[in-house]
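For reference, the chains in residue letters:
Protein chains: 2
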Amino acid sequence: QRFVDTWTIIRNELLDAFKAQGVPPEAVEWYKSSLDYNVPGGKLNRGLSVVDSVEIFKGRPLTDDEYLKAAILGWGVELAYFLVTDDLMDGSITRRGQPCWYRVPKVGNIAVNDGGMLKSCIFVLVKNHFKREPYYVDLLELYQDMAYITETGQLVDLITAPEDNVDLSKFSLNHYKTIVTFKTAFYSFYLPVALAMTMCRMPVRVEQTTPYQIALDILIPLGEYFQIQDDFLDFAGTPEQIGKIGTDIVDNKCSWCVNTTLAVASPAQRAVLNANYGRKDAACEARVKAVFEEVGLREKYEAYEREAYEQLSAMIDEVPEVESVDGGAVLRKEAFRAFLEKVYKRSK
Amino acid sequence: QRFVDTWTIIRNELLDAFKAQGVPPEAVEWYKSSLDYNVPGGKLNRGLSVVDSVEIFKGRPLTDDEYLKAAILGWGVELAYFLVTDDLMDGSITRRGQPCWYRVPKVGNIAVNDGGMLKSCIFVLVKNHFKREPYYVDLLELYQDMAYITETGQLVDLITAPEDNVDLSKFSLNHYKTIVTFKTAFYSFYLPVALAMTMCRMPVRVEQTTPYQIALDILIPLGEYFQIQDDFLDFAGTPEQIGKIGTDIVDNKCSWCVNTTLAVASPAQRAVLNANYGRKDAACEARVKAVFEEVGLREKYEAYEREAYEQLSAMIDEVPEVESVDGGAVLRKEAFRAFLEKVYKRSK
Ligand SMILES: [Mg+2]
Ligand SMILES: [Mg+2]
Ligand SMILES: [Mg+2]
Ligand SMILES: [Mg+2]
Ligand SMILES: [Mg+2]
Ligand SMILES: [Mg+2]
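In order, the protein sequence lines correspond to chains A and B.
For the first sequence, my numbering assigns the number 146 to the initial residue and increments by one for each residue that follows.
For the second sequence, my numbering assigns the number 146 to the initial residue and increments by one for each residue that follows.
Quick caveat, the hints were computed from the structure, so don't treat them as lab data.
Since we're looking at a predicted model, the values are computed, not measured.
We treat Cβ as the ideally placed atom computed from N, Cα and C, and that holds for glycine.
Fair warning: there could be bad hints in the mix.
As the list claims (entries may be wrong) - Here chain A is said to cover these stretches of chain B; the calculated rule only asks that three of the stretch's residues, wherever they fall, bring their Cβ under 8 Å from a Cβ of chain A:
#	segment
1	159-173
2	243-257
Said to hold, decoys possible - Non-contacting residues of chain B with respect to chain A, defined by C-beta distances greater than 12 Å in every case (computed):
#	residue
3	179
4	208
5	231
6	235
7	296
8	386
9	388
10	491
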């Protein structure tokens, strides 16, 4: 709730600055609608991770100023501008239970520019609140580098699995890993923790220890685990469990399920997939699901999850207690542990 | 030519770094096509302005390292990512004599992501070449601030003059000024000189003098003059003069010509404009042009140009010779003068 309240502050700050430039009132109204429609209303996991991690690293409740700062960095992650353009490029229908922004009357392709503006907001906010901090430039680079990596993942995704052209020969577990790492793991898993580490002034290196590399080594596989779980639940989860009905098969998604099945499918099974994957038809979807069951996808997932969990757990146990350069924070394994448990519990 | 040669260096640097991330070869191919298709081939005025201005401020030929640095900043301006998305949002057909990128087969809406990647390139290049410079963070802010301002202008433009809905009551000279300032003047006129000033380490303030504000006060009106001239030549220029046939009237452009005419039109003339502006029809276009002539648009333009030129000229004469903080450069009025003369001569 406190985190959500920060959004009101941020939103008004952005709108006031926007207005002060002397743009016409219609443009201010439009910008307000875009912010209100596209930013709040998600699960806020990514944004809250920044605040939670800062609290764990500092090892105490945050002051009001620290909370605001951490929350701003978190909202910088939640300002997920690329969701707006992703929906447009994918031709998606709804997001978070409402029509995608580009499908709102009068918006259409203007959503492209609105997406760009959401991205620019991050830099406005970071400038307003962090310009005097010694780590200001690190924040700018972090958001910028992650944006580029996410765009790279988006590109690989778009040219591998265009919705209108089903071609499973383009799929592979390798491609899948690349897409997941670049499109999801860096942005949604590494970025929140790296922002918290930066705000807590974790050193880039102390003797043999490289804290950001350690975070990367844990959070990229964790993001991959999250996405594999997400893909598996899309196929195997009940609507109560996942809060929606899975559509990855009919949407021609390059998901873990299809890639894992393709890797072991017989020629006959592959033929069934080729003929039925990515078709907007319930009978086709059922035939694909039957092949998934035939190859034992459930067991494969359970084995994968067990191993992923154990490996990540072991890595987290090894996280060293590095002190921050200002002495006010410590890199603590609990921050990573909390992240892992949040993901692990989703499927239980 | 030297400037164009730098592009090859930059392009390979970007592609090598992209490849090194371990993305699939199809993605590298795609990225290469996008860079080659969208970046070189323009008039390069904006990019060259950076190099020219640095040379003028330093008052001597540049060393190889200085040239490379200035050229990189110039290509950062030429990486005009928003042209790619502007064409898509406007539904334009061609740019620089070839189909717009989004109209190339297989590209389509992927152009949105490609546009984002072009923008990210700027920050990759600046990081690679300026990270150790004391003005690194100023460059990041400058590119980022100008992007946000350009997006703001784009928004005002998109909601004022949608191509599919002609409504001249939304037009006004005031709106026009806002769009031109935000969409064109900051990015194409202020940014190149401000980058050169930053690279030459011009101070933000010395006693009563504020060099960046002085640049802004000259270059924003100069950008406006450029755009007004561009709009006027679209109506009155010969194809030999402008290298194309004007289409602003049929494209429902919120141009200086229509706004200036609307400001003085009689009810009858306004009715003619309402009935004929923005129609894809040569007879309609001719009727609009007749109204432009009736209100004396040519004389109005000549008067405007004379006054704009004299005012700008007077302001440029007042530019003080501010020394850079490292003593290696001087703010010289010749940089502004060169810019003004380049624009002025276009119409002669
Ligand atoms: Mg997508
Ligand atoms: Mg999508
Ligand atoms: Mg999913
Ligand atoms: Mg446009
Ligand atoms: Mg356009
Ligand atoms: Mg024009």
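Hint-by-hint comparison with the structure:
1. Proximity of the segment 159-173 of chain B to chain A, defined as three or more residues with a beta carbon under 8 Å from a beta carbon of that chain, is established by the 7 residues found.
2. Coverage of a stretch by a chain is defined here by at least three residues with a beta carbon nearer than 8 Å to that chain's beta carbons; for the segment 243-257 of chain B and chain A the count is 3, and the condition holds.
3. Interface exclusion of residue 179/B from chain A breaks down, the closest Cβ pair being 9 Å apart, not more than 12 Å.
4. Even its closest Cβ contact with chain A, about 26 Å, leaves residue 208/B beyond 12 Å, as expected for a residue assigned away from the interface.
5. The beta carbon of residue 231/B is not kept farther than 12 Å from every beta carbon of chain A, the shortest such distance being approximately 9 Å.
6. For residue 235/B, the condition that its CB be more than 12 Å from all CB atoms of chain A is violated, with the nearest at approximately 9 Å.
7. Not every CB of chain A is more than 12 Å from the CB of residue 296/B (nearest about 5 Å), against its label as outside the interface.
8. The non-interface label for residue 386/B is consistent with chain A: the shortest C-beta to C-beta separation is roughly 32 Å, beyond 12 Å.
9. Interface exclusion of residue 388/B from chain A stands, the closest Cβ pair being 28 Å apart, more than 12 Å.
10. A cut-off of 12 Å between C-beta atoms confirms that residue 491/B is not in contact with chain A; the least separation is 29 Å.
Checked against the numbered hints given earlier, the structure breaks hints 3, 5, 6, 7 and satisfies all the rest.
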